[in-house]
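Sequence order for the protein chains is A and B. With numbering that gives the first Met the number 0, letter number 131 in the first sequence gets 130, and the count goes up by one each step, no holes. With numbering that gives the first Met the number 0, letter number 91 in the second sequence gets 90, and the count goes up by one each step, no holes.
There's no promise every hint is true.
What the hints assert, rightly or not - Simulated crosslink set (DSSO-like; lysine-lysine; CA at most 27 Å straight-line): (1) B:Lys86 x B:Lys75; (2) B:Lys75 x A:Lys171; (3) A:Lys171 x B:Lys162; (4) A:Lys114 x A:Lys75; (5) B:Lys70 x B:Lys121; (6) A:Lys164 x B:Lys110; (7) A:Lys164 x B:Lys86; (8) A:Lys125 x A:Lys75; (9) B:Lys110 x B:Lys121; (10) B:Lys86 x B:Lys110; (11) B:Lys110 x B:Lys162; (12) A:Lys164 x B:Lys162; (13) A:Lys171 x B:Lys86; (14) A:Lys171 x B:Lys70; (15) B:Lys121 x B:Lys61; (16) A:Lys99 x A:Lys87; (17) A:Lys114 x A:Lys125; (18) B:Lys61 x A:Lys171; (19) B:Lys121 x B:Lys75; (20) A:Lys114 x A:Lys82; (21) B:Lys162 x B:Lys121; (22) A:Lys87 x B:Lys74; (23) B:Lys74 x B:Lys86; (24) B:Lys162 x B:Lys75; (25) A:Lys87 x A:Lys114; (26) A:Lys87 x A:Lys75; (27) A:Lys99 x A:Lys125.
Honestly, the hints are just simulated from the structure, not real lab data. Just so we're clear, the structure is a prediction, and the values are computed from it rather than from any experiment.
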Amino acid sequence: MRKKTHSSPLIDMTPMVDLGFLLVTFFMMTTQFNPSDLVPVSIPHATSETEMPESNNTVLLISQEGNVYFRMSEVKNMKLLAKNISDKYTLGLTDEEIAKFASLSGVGIPFGNLKQFLGLSENDIKNVSQPGIPKEIGQNELFNWLIYSRITNPDERVVIKADRKTPYPSVKRVMDTLQEASIVRFSLITDVESTT
Amino acid sequence: MGEVSTQKKEAGGGKGKPAAKKLSTRVDMTPVVDLAFLLLTFFMLATTFIKPQVMELILPEKNTEDISQPKVNEKKVLNVILSGEDKIYWFVGLTAPQVNESDYTSTGIRKVMQEQNALIEKMIILIKPDENSTYENLVDILDELEITGMTRYALVDYTAEDKAIMAPFATPGADVQTTGQQS
Chain A
0 MRKKTHSSPL IDMTPMVDLG FLLVTFFMMT TQFNPSDLVP VSIPHATSET
50 EMPESNNTVL LISQEGNVYF RMSEVKNMKL LAKNISDKYT LGLTDEEIAK
100 FASLSGVGIP FGNLKQFLGL SENDIKNVSQ PGIPKEIGQN ELFNWLIYSR
150 ITNPDERVVI KADRKTPYPS VKRVMDTLQE ASIVRFSLIT DVESTT
Chain B
0 MGEVSTQKKE AGGGKGKPAA KKLSTRVDMT PVVDLAFLLL TFFMLATTFI
50 KPQVMELILP EKNTEDISQP KVNEKKVLNV ILSGEDKIYW FVGLTAPQVN
100 ESDYTSTGIR KVMQEQNALI EKMIILIKPD ENSTYENLVD ILDELEITGM
150 TRYALVDYTA EDKAIMAPFA TPGADVQTTG QQS
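Start from the sequences, fold in the hints, and give me the full structure.
Okay, here's the thing in C-alpha cells:
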C-alpha cells in the first residue's frame, strides 16, 4: 500500500508564505483603524463622492437624541486641547488625565465635570454614558470647544456626523454655533448611495 | 517559530524514511503560514476600505451688526418646507401661495425644482426645515440640489409666516392630495 518512499508528505510552503505576507503587508499599509464612535449613528446616504480628508478633522458626533460629542482626529491635538482647556478653566488636569483625555473616542462632558470624569478608571469611563456637550443658548460650551480646537490647530476642518433620525433643531443648534464661531465651511459625513 | 524538520523527525521516532545522514535545510513553514494568515485575517477585518464621504456646506457669515438681509422678489422664490414623516411641501412666493406636497424620490422634489427652474428666471430656493424634520431630510434635499445643479439656494428658518401658510396641513390626519405636478 505504501507509495514511493521518497516522496515527502511535506508541501513546500514558501510560496504560500510569500503570498501571505504580501497580503499582510498590503493590508497593514492600507489599514487605518476607524475609531469607534461613542454612540452608534447611522449616517444618511447621498451622492457626494468627495472623500473626507484623513487628518485634522474635528468630528462633531450628534446622536439620535441630539447629544453632541467632540473629537479631534489627531492625538497630539487632543493633548494640546486638553492642556488649553485645563489652563483656561483651571481644571488642573494631570498629565495622566490629559493622556486619558486624548485616548477618548469622543468627549461629551461639561467642562465642570471633566476632571471628575477623567479621574475614573478606564473601565468606568467606558461605562459612563456621557450627557453630551451643552449647546443651549446661555451656556454654549460647544462654542468654546470649537474655539479651542481652532486655537489648538488652525487647520482643523469641522465635520458633522449625525444620525439620520436626529431631529433637525439639534442639528440647527450645532450649525448655528458653528456660524457663531465663524466656522462657515464644514462638511457633513454621508454614505455613498447605492441606488438612484 | 519555524521548526527544523529534522528535529521533528527525531521526535517522531524515525518512522518511514531511513534516517538521513545529511541534515535537511528545509524549514517547516506551516506555523509561519498560520501566523501570516492570522495577521491577514486581522487586518482584513480591521480595514475600512471605504473612506467616509463628505458633503461640503458653506453657510453665510453671521452678521454681528444688524445688517438687513438682501431682499428678493417673492415671485422668484421657491419655498421648500421639509416636514416630518419625510414629507416635503413647496410653494412659490409668499402671498396666498398654492401649497403642494412632494417627496424625496427622483420624480418628487427633483422634478419640481427642475420644472420651476425652467418657469422662473433666476429662481431662488429657500429650504425651510421645520421642527419635525430630521437630519436625513436635510442631507437629502442638499443632495437633490446638488443633483439638479441648483446653486441659488439658502437654508433658512421656518418662520411663523410659513407656519401660517402651512397651517391647513399641520393638522394630523388631514389628508392632503398629492399634487406631484403643477402646471
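Verification of the hints:
1. B:Lys86 x B:Lys75: Judged against 27 Å, a Cα distance of about 23 Å means the pair holds.
2. B:Lys75 x A:Lys171: The hint holds at about 26 Å.
3. A:Lys171 x B:Lys162: 18 Å, holds
4. A:Lys114 x A:Lys75: 19 Å, holds
5. B:Lys70 x B:Lys121: Within the cut-off at roughly 14 Å; holds.
6. A:Lys164 x B:Lys110: 25 Å, holds
7. A:Lys164 x B:Lys86: 14 Å, holds
8. A:Lys125 x A:Lys75: 21 Å, holds
9. B:Lys110 x B:Lys121: Roughly 17 Å separates the two Cα atoms, so the pair holds.
10. B:Lys86 x B:Lys110: Distance of about 15 Å is within 27 Å: holds.
11. B:Lys110 x B:Lys162: 25 Å, holds
12. A:Lys164 x B:Lys162: Given pair lysine 164 of chain A, lysine 162 of chain B holds - Cα atoms ~22 Å apart, limit 27 Å.
13. A:Lys171 x B:Lys86: Holds - the C-alpha atoms of lysine 86 of chain B and lysine 171 of chain A are around 19 Å apart, at most 27 Å.
14. A:Lys171 x B:Lys70: 23 Å, holds
15. B:Lys121 x B:Lys61: Given that 27 Å is the threshold and the Cα spacing comes to 25 Å, the pair holds.
16. A:Lys99 x A:Lys87: 19 Å, holds
17. A:Lys114 x A:Lys125: 16 Å, holds
18. B:Lys61 x A:Lys171: 14 Å, holds
19. B:Lys121 x B:Lys75: 7 Å, holds
20. A:Lys114 x A:Lys82: The hint holds at about 12 Å.
21. B:Lys162 x B:Lys121: 26 Å, holds
22. A:Lys87 x B:Lys74: 51 Å, violated
23. B:Lys74 x B:Lys86: Within the cut-off at roughly 23 Å; holds.
24. B:Lys162 x B:Lys75: Status holds; Cα separation ~20 Å.
25. A:Lys87 x A:Lys114: Between lysine 87 of chain A and lysine 114 of chain A the Cα gap is close to 13 Å, so the pair holds against 27 Å.
26. A:Lys87 x A:Lys75: This hinted pair holds, its Cα atoms lying about 18 Å apart.
27. A:Lys99 x A:Lys125: 12 Å, holds
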